[in-house]
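Student: Protein chains in written order, with our numbering: chain Y, 3 to 163; chain P, 906 to 1189; chain V, 1072 to 1863.
Just so you know, the hints here were simulated from the structure itself, not pulled from any lab data. None of the values given here were measured: they were computed from a predicted structure. For each residue, glycine too, the CB sits at the ideal point set by N, CA and C. Be a bit skeptical, because a hint or two may be false.
Pairwise CB distance ranges (calculated) [stated by the list, open to error]: (1) V:Ala1131 with Y:Asp5: 33 to 41 Å; (2) P:Asp1110 with V:Arg1521: 24 to 32 Å; (3) V:Arg1282 with P:Ser1166: 55 to 63 Å.
Heads up, simulated DSBU-like pairs for lysine-lysine below, C-alpha to C-alpha not over 30 Å straight-line [stated by the list, open to error]: (4) V:Lys1087 with Y:Lys150; (5) V:Lys1519 with V:Lys1418; (6) V:Lys1519 with P:Lys1183.
Non-contacting residues of chain Y with respect to chain V, defined by C-beta distances greater than 10 Å in every case (computed) [to be verified]: (7) Met3; (8) Thr7; (9) Glu14; (10) Glu43; (11) Gly56; (12) Glu57; (13) Asp70; (14) His72; (15) Glu115; (16) Ala118; (17) Ser122.
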Amino acid sequence: MRDITLQVNGTEITRSVNPRRLLVDFLRHDLRLTGTHVGCEHGVCGACTVLFDGESVRACIMFAVQADGHHVETVESLADDPDHLHPIQQAFWEHHGLQCGFCTPGMLLATKELLAENPSPEEAEIRAALAGNICRCTGYVHIVESVKAAAEAMIAQGGSR
Amino acid sequence: MKPAPFEYHAPTTLDEALDILASTGADAAPLAGGQSLTPLMNLRLARPAHIVDINRIGGLDHLGQDNGRLRVGALVRHADMERSSVVREHLPVVATVVPLIGYPAIRHRGTVVGSLAHADPAAEWPSLALALDAEITLVRTGSQRQVAAEGFFTTTLTTIKEPDELLTEVSFRTDFDACGFYEFARRHGDFAIIAAVVALELEGDSIADARIALAGAADRPLRVNEAEDAIRGEPLTAETAVRAGEVAREAVEPLEDIHGSSDYRRDLVEVAVDRAMKRAVNGS
Amino acid sequence: MTTEAQAPRFFGARVKRVEDPRFLIGGGRFVDDVDMTGMLHACFVRSVEARARITSVDVAEAEKMPGVVKVFTGHDFSGSEVRCVSAYEGFQVSGYPALAEVEAKFNGEAVAMVVAEDPYQAEDAAGRVFVDYEPLPPVIDAEKALLDDSPLVHDGWKGNAFVERRYESPGFDDAKQSAKHSVSGRFVMARHSGIPLETRAAIGDYDKGTRMLTLWTTTQIPYLIRTGLADAIGFPENRIRVISPDVGGGFGVKAQLYPEEMACSLASIDLGRPVKWVEDRREHLLTAHHAREHTHEATLYFDDEGIVEALEAKIVVNMGPYSVFPWTATMDTGMAMGILPGPYKIKHYSVRGYPVATNKAPYGAYRGVSRPAACFTIERLMDQVARHRGLDPAEVRRRNYVTGDDYPYRSAGGLEYDSGSLVESQDLLLEQVDYSGLRRWQQEEREKGRLIGIGLGAYTEQTAHATKEFVQRGVPIVFGYETSTLRLDPNGKLVINSSIHNHGQGLETTLGQMAADALGIDIADVRVEYGDTSQAAYGSGTFASRSAVLAGGAARRASEQLRDQLARVAGHNLEASPEDIEFESGRVFVAGTPDRGYDFDQLCRMVYHRPELVPEGQPPILEATVAYDAPPGTGTFTNATQIAVVEVDPGTGGIEILRYAIVEDCGPMINPMVVEGQIFGGIAQGIGSAIYEELVYDDDGHLLTTTFMDYMLPGTTEVPHIEVFHLETPSPFTVGGIKGMGEGGAIAPGAVIAGAVEDALAPMGPVVVDQIPLTPERVRGYVDSARREASR
């Protein structure tokens, strides 16, 4: 067992973990942050996407011990109150950017990262940025619309959060 | 799909890491990006008894131009290459390749050197290393050696790296006159079924020397000497590109798997070499 | 009642989904999110062979490993199996066990189950269970399985077909003999499946004190699971509760009783602790049921004008070894036989169908259920008819479509097409994409050397089929109805309890939209519940594009009953006739005099807390349950036409989709946004079928595509932007005239893209694209053969 201390969604957490515990299992089961999902456990589907020191990573192919001393953000960091959603969440809601909701946390964080780097992306850029997030329900059209709407909303609000 | 148990080491200096590798030997796997290793561990296709996490070692993330070569440290991520103005300036062909590697999340963690150590014959970096005359630095406690990419890859997922060695750096030649890369994958971000890299030295309008490397055509990245010989001295034109493709096609005996038969890969080799050459011709 | 006079406020509106907030904030509750005191974790040991006698299972070492509580084998669960028997004559019966005991019949079949304190330990121990397999000759190819010399998948069976089905319409032979022309083909669709992003998961939770078994499971059909489980493990059904919470995609794959659900239940009963299993992706590809593997041999007979007179076909489906619950092994074959004539007026039809037992993984329902293969076959043949007669593919179809005057139309396949707009849909589509302009552009690009192709595909889709249809299909459970129970509380808020399940279809919202308007209330005051068998009345669940029609119909009817109940109370107290009571924007009042009335919530409270004001004989509660079986029970038919413009790279065989458009007609739409989402999702899966997805087995029946590195799912860069246009031809029979449509998008893309590729290569030489997926290697093969044909 190893002791790790890390920031999760802005809160400092210290825990003792088995080195082989995957970061996604640590988040979901040790910290009860079940918004991050497991879809494949080999890094392809994107359901486990979290932000690690501000950059998107696959939590299913990272060990919790690697996060010692780092900062992890999950979908729960965007907003926890349906009445005060992050503009990206709001846009996905208004434009039907989700159906079963399983890929959604990964999509939201990938979108957050995209818009931080590229506040006004073209459709092709949106699709390239989200190519690593598989959705089996939506066919992506509404997701692309949601991202465009989120971009517009965030520009109107004066910069990204 | 959870990994088998292992002992975890997180050295903070290179010497510490090398000492661990010296004592654990073949039972250890270094962990840098983990984008190739961890999936294998989750599938239990790899079961190292020791993991040596090198992410906390300082001095391994250098990326810079030095004496005609681009030097890339072991902790330089694909994303660092993508963002680097040094790369764009000195090795523009690499700038076209990196966005094709997986997806942003993969590129944030995966490393160039890690990709070479992993030695997947369908990955982009091993074939780039061959074409761009890469030199790989391997260190062990008390000594180090440099190996040319030519002699580095032995077979699928296997290199000449000894168990007690760590790759610390790769350097690429940056003085080629024209380079081109072409990859065909089933989907955006996938491994190539076939990829071709071409690196050319020119004399006036003709090709003085050529390096043509393939990903996906064999159990390791492959130089196609026959095609290189065929175009030496030829003008840098579309016709020469076609010829390079034709010769390459006849020279290879590709492996097959569920993504492509040997015959189809042969077709792709011709297409990829031709198109990589044409991109070199067009200066892209 | 006069509420119909007002325009409905919620029906037809693009209402934001009420279920979204919890998913957006990471608050959805999927089975793996559920944690319980004392919960154990299961890991299955699975057969490495496609077919093998199990001679021993050694669990001694595994049971001693850290954290392991018990290792179960087939012997422990002996007798617990699924037997799903079709009523068709000659149907051969198979038993699908919780754990294989005597023989493993497919690569991946569960042979033992490790139960441990945590999933990592369970997996460690599973690797130390030693099974001795005596391999037997596996049966892998369905056509070979039908030959006399094939090994038998099941001892004691006569041949490997679950059943043989035949149908021939009267006069077929004459029509065939007198036909002027014919085109034939052999059409192959590869094995693939729905592959939802959330894998399967189950928690068996048996309480020794209450003797209640609760099964949490990722299912689309909670009530059927409850009954099926009771039957399969011999447990009293009134002591089983099935809970299906949020589910990450189903597509039919989660509409089946699986051995793992049985095993988790049995293990929990044995151990008295909750036992959780979360499927990993490799297991999912191996064992979550497969679909789509059809081989059709078919011939169309037609005249000089390209009018098709007769269709002859042989349908073979590779079913794996077991008849799954609740579909039976006949579902895909029977449905393909019925729908093969497609949207065309083909009078004469002769068909034989063979669902074949093999040693691949078991086969179940996946979006469209045989219709993608049937559409592929008929559309490819129609394109051949077009080529044969020198006609445009759109024109040939136009000449053959069932038209407005023909409805209701009894098809040669025995289906009753109730309504549709096939000609109009195609016309609108071609107008929207400027078809003639597109053809001109194609010609210009061809002259530049580009391989541009245009493909067209049309279908009519049977949806919301109910009692009459399923009786015809010989299934042991006739999925005839869905049930909605509506309750108003004293505060005037509505709860709809439905027998369906919701895992992306927006039913939490659309059922509310169906009910709110009749009562004049806001959808924000409606809550929809589903997925817990202790709550609502019985029904079948969500599949076959039926929920909006059947559960929505039930909800609408029940809301009308509640309206009647309230109207009687209001009328009684306002001295007016119930017929004169109106419900609008939260008020209940006498028509014409809005002041003479009540606030809606006020009236509800009156019923519950002032029973003396309720008319005598009327119960002082506001509750209505309706089980709705949409007449006439043979389904209501949606239709759509899809078109794709593609470019083929002759060097790599790669296909780029340049444009994709659809005109769809599902009648009046409850929520157009939801409809479009279903269309886009279906088309994306169809593109996967057409180009990317295949479950590949080797000759010995080992699955080779066991990760997402090998099984390719289309992402944002593979699925193009999709244009959608709507027509609305109501059903004459259903509540609101609505039709189902959830599966439709997935039906045509295989045919459409195959047609487009064929069209793209046509200038090089004649090519018949008769197999999907169109992997780049396959397309390159078509390119090479087109060149060879042309140079002859």
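Student: Give a verdict on every hint.
Tutor: Here is what the structure says about each hint:
1. The hinted window of 33 to 41 Å between alanine 1131 of chain V and aspartate 5 of chain Y holds, with their beta carbons roughly 36 Å apart.
2. The hinted range of 24 to 32 Å is satisfied by aspartate 1110 of chain P and arginine 1521 of chain V, whose Cβ atoms lie roughly 30 Å apart.
3. Taking 55 to 63 Å as the suggested C-beta distance range, the pair arginine 1282 of chain V and serine 1166 of chain P conforms, at roughly 59 Å.
4. Between lysine 1087 of chain V and lysine 150 of chain Y, the direct Cα distance comes to roughly 17 Å. Compliance with the 30 Å bound is thereby established for this hinted pair.
5. Between the alpha carbons of lysine 1519 of chain V and lysine 1418 of chain V the distance comes to roughly 44 Å, so the proposed pair goes past 30 Å and is violated.
6. With a C-alpha separation of about 19 Å, the suggested pair lysine 1519 of chain V and lysine 1183 of chain P falls inside the 30 Å cut-off, and the hint holds.
7. In this structure methionine 3 of chain Y is separated from chain V by more than 10 Å, as the shortest Cβ-Cβ distance comes to about 13 Å.
8. At the 10 Å boundary, the C-beta of threonine 7 of chain Y stays outside the reach of chain V, the nearest C-beta of that chain being 22 Å off.
9. Separation of glutamate 14 of chain Y from chain V is adequate, the least Cβ-Cβ distance of about 20 Å exceeding the 10 Å criterion.
10. Chain V draws glutamate 43 of chain Y into its interface by the beta-carbon criterion, the shortest separation being 6 Å against a cut-off of 10 Å.
11. Every beta carbon of chain V lies more than 10 Å from that of glycine 56 of chain Y, the smallest distance being close to 18 Å; the non-interface claim holds.
12. A cut-off of 10 Å between C-beta atoms confirms that glutamate 57 of chain Y is not in contact with chain V; the least separation is 19 Å.
13. At roughly 19 Å, the least C-beta separation between aspartate 70 of chain Y and chain V is larger than 10 Å, which holds for a residue marked as non-interface.
14. For histidine 72 of chain Y, the condition that its CB be more than 10 Å from all CB atoms of chain V holds, with the nearest at approximately 20 Å.
15. Residue-level check passed: glutamate 115 of chain Y sits 15 Å from the nearest beta carbon of chain V, beyond 10 Å.
16. Annotated as non-interface, alanine 118 of chain Y keeps its C-beta farther than 10 Å from every C-beta of chain V; the closest such distance is 19 Å.
17. Distance check for serine 122 of chain Y against chain V: the nearest CB is about 18 Å away, which clears 10 Å, and the non-interface claim stands.
Hints 5, 10 from the list above are not met by this structure, while the remaining hints are.
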